[in-house]
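Taken in order, these protein sequences are the chains called A, B and C.
Using this note's numbering, the letters of the first sequence correspond one by one to residues 346 to 1008.
Using this note's numbering, the letters of the second sequence correspond one by one to residues 346 to 1008.
Using this note's numbering, the letters of the third sequence correspond one by one to residues 346 to 1008.
If you're looking for bench data, these hints aren't it; they were derived computationally from the structure.
Note that identical chains are pooled: a pair holds if it fits in a single copy or bridges any two copies.
As a list, the in silico SDA-like pairs of lysine to any residue whose alpha-carbon atoms are at most 25 Å apart:
| id | residue 1 | residue 2 |
| --- | --- | --- |
| 1 | 898 | 975 |
| 2 | 945 | 988 |
| 3 | 743 | 933 |
| 4 | 898 | 725 |
| 5 | 898 | 718 |
| 6 | 448 | 561 |
| 7 | 448 | 544 |
| 8 | 929 | 799 |
| 9 | 961 | 991 |
| 10 | 945 | 800 |
| 11 | 742 | 796 |
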Amino acid sequence: MGQDRLIFGAAYYEEYMPYDRLEQDMELMAAAGLNTIRIAESTWSVEEPRPGEYDFSHVDRVIDAAARHGISVIVGTPTYAVPAWLVKLDPGVLAVTRDGPGKYGPRQIMDITNPTYLRYAEGVIRALVSRTAKRPNVVGFQIDNETKHYGTAGPRVLARFRKWMAARFGTVQAMNEALGLAYWSNTVADFDDLPDPTGTINGSYACEFAIFQRELAAEFLRWQADIVSEYKRPDQFISNNLDFDWRSIAPAGQQGGYAHGIQPGIDHYDAAKCLTLVGTDVYCPSQDGLTGMEIAFAGDEMRPLGGGRYYVAETQAQGIPEVTPYPGQLRLMVYSHLASGARGVMYWHWASLHTGPENWFKGILGHDLTPGPVYEEVQRVGQELPRLAAPLAGLRKKNRAALIVSVEALTALGWFPPDNGLGYNDIVLWLYRAAYELNIECDILYAREEDWSGYDLLLIPALYTADYPFIHRVRDFVKAGGTVLATFRSFTADAHARIYHGALPHELTDLFGMRWSQVTRPVDVTVDGAPASHWMELLECAGAEAAAKYEHKYWGRYAAVTSHSFGGGRAWYVGTMVPGETLKPYLLRAAADAGLDLPKERFPVIVRQGVNGAGKAVRFLLNFSGGRQTAHADGTDLLTGERFAPGAAVPLEPWGARILEEN
Amino acid sequence: MGQDRLIFGAAYYEEYMPYDRLEQDMELMAAAGLNTIRIAESTWSVEEPRPGEYDFSHVDRVIDAAARHGISVIVGTPTYAVPAWLVKLDPGVLAVTRDGPGKYGPRQIMDITNPTYLRYAEGVIRALVSRTAKRPNVVGFQIDNETKHYGTAGPRVLARFRKWMAARFGTVQAMNEALGLAYWSNTVADFDDLPDPTGTINGSYACEFAIFQRELAAEFLRWQADIVSEYKRPDQFISNNLDFDWRSIAPAGQQGGYAHGIQPGIDHYDAAKCLTLVGTDVYCPSQDGLTGMEIAFAGDEMRPLGGGRYYVAETQAQGIPEVTPYPGQLRLMVYSHLASGARGVMYWHWASLHTGPENWFKGILGHDLTPGPVYEEVQRVGQELPRLAAPLAGLRKKNRAALIVSVEALTALGWFPPDNGLGYNDIVLWLYRAAYELNIECDILYAREEDWSGYDLLLIPALYTADYPFIHRVRDFVKAGGTVLATFRSFTADAHARIYHGALPHELTDLFGMRWSQVTRPVDVTVDGAPASHWMELLECAGAEAAAKYEHKYWGRYAAVTSHSFGGGRAWYVGTMVPGETLKPYLLRAAADAGLDLPKERFPVIVRQGVNGAGKAVRFLLNFSGGRQTAHADGTDLLTGERFAPGAAVPLEPWGARILEEN
Amino acid sequence: MGQDRLIFGAAYYEEYMPYDRLEQDMELMAAAGLNTIRIAESTWSVEEPRPGEYDFSHVDRVIDAAARHGISVIVGTPTYAVPAWLVKLDPGVLAVTRDGPGKYGPRQIMDITNPTYLRYAEGVIRALVSRTAKRPNVVGFQIDNETKHYGTAGPRVLARFRKWMAARFGTVQAMNEALGLAYWSNTVADFDDLPDPTGTINGSYACEFAIFQRELAAEFLRWQADIVSEYKRPDQFISNNLDFDWRSIAPAGQQGGYAHGIQPGIDHYDAAKCLTLVGTDVYCPSQDGLTGMEIAFAGDEMRPLGGGRYYVAETQAQGIPEVTPYPGQLRLMVYSHLASGARGVMYWHWASLHTGPENWFKGILGHDLTPGPVYEEVQRVGQELPRLAAPLAGLRKKNRAALIVSVEALTALGWFPPDNGLGYNDIVLWLYRAAYELNIECDILYAREEDWSGYDLLLIPALYTADYPFIHRVRDFVKAGGTVLATFRSFTADAHARIYHGALPHELTDLFGMRWSQVTRPVDVTVDGAPASHWMELLECAGAEAAAKYEHKYWGRYAAVTSHSFGGGRAWYVGTMVPGETLKPYLLRAAADAGLDLPKERFPVIVRQGVNGAGKAVRFLLNFSGGRQTAHADGTDLLTGERFAPGAAVPLEPWGARILEEN
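My request is simple: use the sequences and hints to build the entire structure.
Printed below as a string of structure tokens:
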């Protein structure tokens, strides 16, 4: 694991299999070049059928069998899906949420602060980890699964929240004022009088509660990490499969969709700290919707969180019918992950299931449990990967651009949405996608991250809640020569989602050479001939160049895009949403301002780069189209051995991928 | 009743009338040729205004008046709409459902297993039936009304369910495995630990509960039938108005819509067993939406359930504004019912109501309670029907085609839907409608029906849950020379909705000469140039002819429709949804394979046939269009007396109907 | 206040301000010509931070400062938004509604009959009013805010309702019959058995409950008025800001929309009686959606309720992004209000807020709290208004047309909707807008209003619940020479929403020379070539002229619009919904029948008229378009001093307004 081989594997559930085919599965895996499985994270009720009675026979058998086939195992703690007996024992195990008490059935329905839950969770974690940590082929642990706070908001949680608020604000006066609770008579004279925030109409108060809830989730992960650390070997990692906001594409009531921007239910920036190997779950559109954007976004977020390292704990094989891959696409997806710096890829999951809510979320094998086209493509990749392990060892990416995200801004814009159907993540991805398609590689940084050294270009989409430290960092960055491109809805409110009462963009009107006070919906408004949509700030230049103006009978005197030189750098501001193609020229100008040296290729040819352990540049050339494409790059194809001289035309197959190492 | 005259009548509610007009109503009915009314099923609170205090004065008066006018009466037990006092006496009378406890107000809100409910229901049934069974003009009883399980799922129901599960599976191990409860930690170690299935995410578990709930409904009907049997005369029938799945077309919150496939809330196959005359409620689109399909479907389902006999207990007269009939349509609808073998037709309802939630669901009379265009058309039919009673006596239909339905498949596909907005009944009706429009008359058989003798063609839409006995019957049928046409989503899962782990179509790959493993959504996919939609199985021929292939850049190598000779017969499989016109050629080929001799007419001319008691063929020629049409048939028009020689052109008026008896 | 100056001002919330800028705000207001503020109505928790501990420091400070700048103050009682401590003290303060118990957070969530609520409300009202009534610049009180019943339906409310029903109907028999409770077994034998009406399916029963709930709201206002009357000076008024039904246009979950027809949650006709100055809140579309219709409607409803006087307590300044005004529109809106007879206009609100759910519902000042384009336009109006105070003093409007509305019909049609997406208010506004655009000025009268003297034309849209007194008044009105134009869904049901059982339009078939019994949906139906929609009554002429017939293959024999001479007058009936342009010719014919002398102008030029205290005609010429327009009128422009001779062309600027006084 780690440097010696690239992780390639799948989640494996012997518990779900309709008959004993463990040996057969291991053989098929080995034949496909899969070297790792993840087990045990979903079946607490099998591992502990009655309170305190453990049965790890499946776990043992699978580890044994894997060992026989040279397959590594990641053991997951089974705490995200609780047994029926646990809820029967203490109904308080179910989280009380905004919607009231829950019903037993789904996963991720528990109150992660409930003492009964924690007691039994601790029991099964200790039993499982103490047993498996000794096994040589167990390479690491996944603590819990796609962890979030699940909206927990019952009485005990609220009591803790009131204490947390008291500690945070000191006095009720300070809190009342910071959150604007006077509105509609919501002030309190005592922290104990704070009402259930799930009923509130005060977005600032609600945002505080969301922060608190996310802290509970991170705390829960730390708690698990601490327990696992008591048992694990130094060479075993601790991971969690961090996932994303989600856009569902399956029929109503069914599981299935894809990653869509940053995760609101836990703060990745906090959560990643207790992990020794960041893992992530990335699902993405496929067929004609496969653009690689979701894969790149995931990697660009995870890599900085993991200090340059992460792996893909889950991604689709066949997936739901909506994403059954075209030939070549699965392979392209794997290399796209590696292009982002992933240390490997695991499928969810090995075999299509015959029951349960995800039985049409298909694995590498179909329901007939025999190899089919998808197995065959996985096998092709499995045979190629060993050739890549050495040249990709120690691969590091050094991006000069960063895109700034904030889960606080996400929550706040959920309360103060720019428009129906346009959320924070939509704006983030709109900007990210434009950069991605121009092959401007970005790291994705959380706004709390203070280290911006090495970056020349910052992209700041919809950073609604911008506190003073952040504002000052932006100022310093541009003053020192950096280039910033920010969008509408940025620099508007403070950390409590309270709109600043000075001119906007707050404390940055000199930097942007612009201010705005009025806002409206774009109706029959264009920018460079293309329709503006959703939200438009009426930008008034005060020093800035109006790079674009609104085209409209009344709003034509306001700028839509501004550009301003400030200190040694330059600041761009985009006041409305325009089509990606309209945005791109401004992004290119900002990239040029920042001195970025971009590949000439544009989407559907994606070029992503890094430097390997040997210090050689590695270039991934990815073709996200069903047609043949040509890229221009030099180096040696690590898979075919072809050598391309500088300036050579490198042909790319439909949905093809090449990895070139510097000659 | 029965052979001597065709039932023609209406539901009648003296209780709802704004003033005493009983005599006037009876006169108007008699003048219109109505010979039957149904009474009493909706007004328990009038019949028992306080616990144990009965007042049947309306019932008595109406039976008396009807008798004076030669009108027969069907008495309904008033158990589907409970009085307020009953719920006040025991709030547990209200069913606890997936949505929690209910509120008093609507009909069909009770827990049909509640002892208080059953005690008072029994009381009013006994009082009503014992009183009315003696009356000569009472020809039968309707037990309850459009009976279903109403989602009852309270604690007592769950306790019974757990016992039922224990009896069904024997051991928890067997149950855990059969239902795949290991998924997300849902296994239990004791049947008593089984959680409330209304919260489950396990479709197999939910399907078991639905089966159990439907059994409760059938049991409730049997219980009523047994009570009625203690009192009724041998010549009096026991009926229930079985109804269908429902598509609403009224404004939100209003009643109104039409029958749309088989009923999920009770299993007709079970429920019909305690009835001596199957009744059914059929509502259908009208105006330009009148195709007769819903009428034919209802008849084709009810006739086999009733052993060749059934009657229409309710159908619309004026109905809601959406279905106000064009001139001629009401008459056409009546003959369409008779063409399916109905022994008569009753309207819901005699007079438009002035209050209540169905006051814009109009009857034969409008709110002014005087004859209008609809009364006049009803009267025309009422005057024609006596001429038909003798020639239609003993009418039997002998269809050589059957279409197989399954309420278990319906429930399962509700959990594993082919697509948003496409349910089981949509697929059933898609296939049924194509057959109907080609004048391929089918019996509709429940999958549990074992007797397929007499059939040469089986149509099998979306039979997702196909157990081994069924699979074997299909095999035997084709081997013996029969023709089968099955569609996507058939032969996929077992009786517990667990997907089979062998190749699909399960245990029938040799029969179909085809297997499939991959499935996707059709996007830009055509079949014979027409768009495929919703779901496509990628069929791989293994012996079968690819009668049609998918037209698509990647999926073009897979078949969309396959045809395969097996044993003495032939098996067709349609892997995706295509427009009806694209489906029809394959259906015609299958009908030809089966040796069916079809009329040359096509929709909008519908031809339906039977053999009357005198052994003569009777042919119904129905014109579902606003234009004149011509059919080709011989025989004597039973209404006009016209004789048509073989090959004669028989003219049909707009929305016209003729009934020809073999010369 | 009153005759001496026109009210011009804004709601002002010092409690919400991020820093002390009271003096600055007062200066900015005075500079803009604002002369009135409304305060205190939203912040009970600030005024009474703990039970019984009052803190009116904000109130005092603001009244002091206002006094210094010659600004009048309206003090609002803060009872519509309850403090958290009050709900903690007695959770029963929260209304139990159809949706169950509420959660603390929003405004207007309390049970207005709860004793604890009333006790503390009384306390704060007495403390606030007794303190402020003495202040010279306090000109009046607003009791509560946009008061409604908030759906209160808890056990105590239901107990009162049962008593109310007993008093209303006398016997259960009478009630059962009047409401048609027999339907689906809903009759009761005792008023105490009446079930919770929030669960009912009986629209008549539900309508009774709505009437009862509205009476609670009016009673609550009277109760507050009585308390305030104990303290207020004779020159101080009592007001409430009556508002309207609402169409939301903001993103989901956000506040923002516009007035859309009459208010269902309180009966304005009752509620206005305890007010000495009727106030109203009017929000309307803006930008290209600004037509002035909502403003005119509000005025035309309020003016009769207030005996010819009313003022606008709230209207938008910048408002939500959807309604950011074009240049000139705010000024046009003010003059539109005055054109309806308003004694002044107050903005909601002075300054954009930085927190709370309405922080993007912007005031006169933006978030930067400095003057911008909107302040500047307000200032222009503020500088013009003093010139108008004298000539507009005592302005009276004498409309010869009235449009009849009924909140009972609104509730009833909510239960028996003409169509999805078409409610009572849609029909009211469809007819009102057609009249408005033709410059047919109407008073809007509640159906209970008995005095129709002075009117020559009555417009009666969808008056579903028409009782006998009303029917008789209509008959007398036409007999005496009046003209009536009624629409579909009128004269259908009695006061209990029970459909009449005689011919329709009930007891008026001779008056209209027409009856109808059948109704349907218009599909491919036109009237004068334009599509009919939603609902069509098939009108059968019996004496009336078929002014228009339905154009359709089957319904062509029925009339769509009828006209009939009766007594000395004429009665028109429109049986379906047609585009406004199709309706207008008939409306013009009815206006001609009534002898109305209409301006020649048509929308977008709106002409509204009155007679001022000096007995001179005053004519408002309003241009609701972005182009220049010309009107024809004579008189002197009160703002520019220009004199126009009879027949002169008066030019109107884009979104311009002129006020001409008779020479």
